[in-house]
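Heads up: the protein sequence lines correspond to chains A and B, in order. Letter by letter, the first sequence follows residues 19 to 130 of our numbering. Letter by letter, the second sequence follows residues 1190 to 1299 of our numbering.
Hints should not be assumed to be uniformly reliable.
What the hints assert, rightly or not - In silico DSS-like pairs for lysine-lysine, Cα to Cα no more than 25 angstroms straight-line:
#, chain 1, residue 1, chain 2, residue 2
1, A, K71, B, K1231
2, A, K89, A, K36
3, B, K1256, A, K21
Unchecked claim - Covered stretches of chain B, as calculated for chain A (at least 3 residues, CB under 8 angstroms):
#, stretch
4, 1226-1236
5, 1261-1273
In case anyone wonders, no lab produced these hints; they're calculated from the structure. Ideal placement from N, C-alpha and C gives every residue a C-beta, glycine not left out.
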Amino acid sequence: DVKVTQSSRYLVKRTGEKVFLECVQDMDHENMFWYRQDPGLGLRLIYFSYDVKMKEKGDIPEGYSVSREKKERFSLILESASTNQTSMYLCASSLPETDTQYFGPGTRLTVL
Amino acid sequence: QKEVEQNSGPLSVPEGAIASLNCTYSDRVSQSFFWYRQYSGKSPELIMSIYSNGDKEDGRFTAQLNKASQYVSLLIRDSQPSDSATYLCAVNRDDYKLSFGAGTTVTVRA
Chain A
19 DVKVTQSSRY LVKRTGEKVF LECVQDMDHE NMFWYRQDPG LGLRLIYFSY
69 DVKMKEKGDI PEGYSVSREK KERFSLILES ASTNQTSMYL CASSLPETDT
119 QYFGPGTRLT VL
Chain B
1190 QKEVEQNSGP LSVPEGAIAS LNCTYSDRVS QSFFWYRQYS GKSPELIMSI
1240 YSNGDKEDGR FTAQLNKASQ YVSLLIRDSQ PSDSATYLCA VNRDDYKLSF
1290 GAGTTVTVRA
């Protein structure tokens, strides 16, 4: 069974704080993804990584950065959190030969 | 135009009935199609994938794909209260990425 874990289920931060969200997968997947999910907007891709140290911007990368130093770990960084980044953040991983993505449990981030 | 569109919910069906969910997509070259189920407050969980035209059955779930019409659907037979969730349609795009629809919320009433 694929297991994707995320560092926190709930997080509350203040405006301007630097925020780290971590994601770890245990299935040796090359591809990893960060999404945010907002009511009525569905899942939107923030960043994507297809290998260690490789990253690619998704559809809404502004205000975010990522780090992938090890294959199993993909971190999302909010350099200076803002209230409009309050959202559910979902990490996913997949093998390159399939498009099937497996999701972590999500982190509900609130920025005050 | 949105890349992936789903029929707007919520969809309410009686227990034991068939729930029918529809999804259209805009990119003609898409080859992989997925249905995810998401319970309230939880993350999406893959329930079906389909790659070829026609029907694919898995238990009470049937996915149908028509690439010429750019249409994919999900049927849930013998709906149960535990099927009450939001169902997300996803379609592959370039470089292993997926585009997701906004989801259709299904409520199965006892």
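Verification of the hints:
1. The suggested pairing of K71(A) with K1231(B) is violated, with an alpha-carbon distance near 29 angstroms, which exceeds 25 angstroms.
2. For the suggested pair K89(A) and K36(A), the alpha carbons sit about 23 angstroms apart, so the restraint of at most 25 angstroms is met.
3. Pair hint K1256(B) plus K21(A) does not hold up; C-alpha atoms about 32 angstroms apart against a cutoff of 25 angstroms.
4. Counting residues of the stretch 1226-1236 of chain B whose CB falls under 8 angstroms from any CB of chain A gives 5; the rule of at least 3 is met.
5. Restraint check on the stretch 1261-1273 of chain B versus chain A: 0 residues with Cβ-Cβ distances below 8 angstroms, three needed, restraint violated.
Hints 1, 3, 5, counting from the list given before, are not met by this structure.
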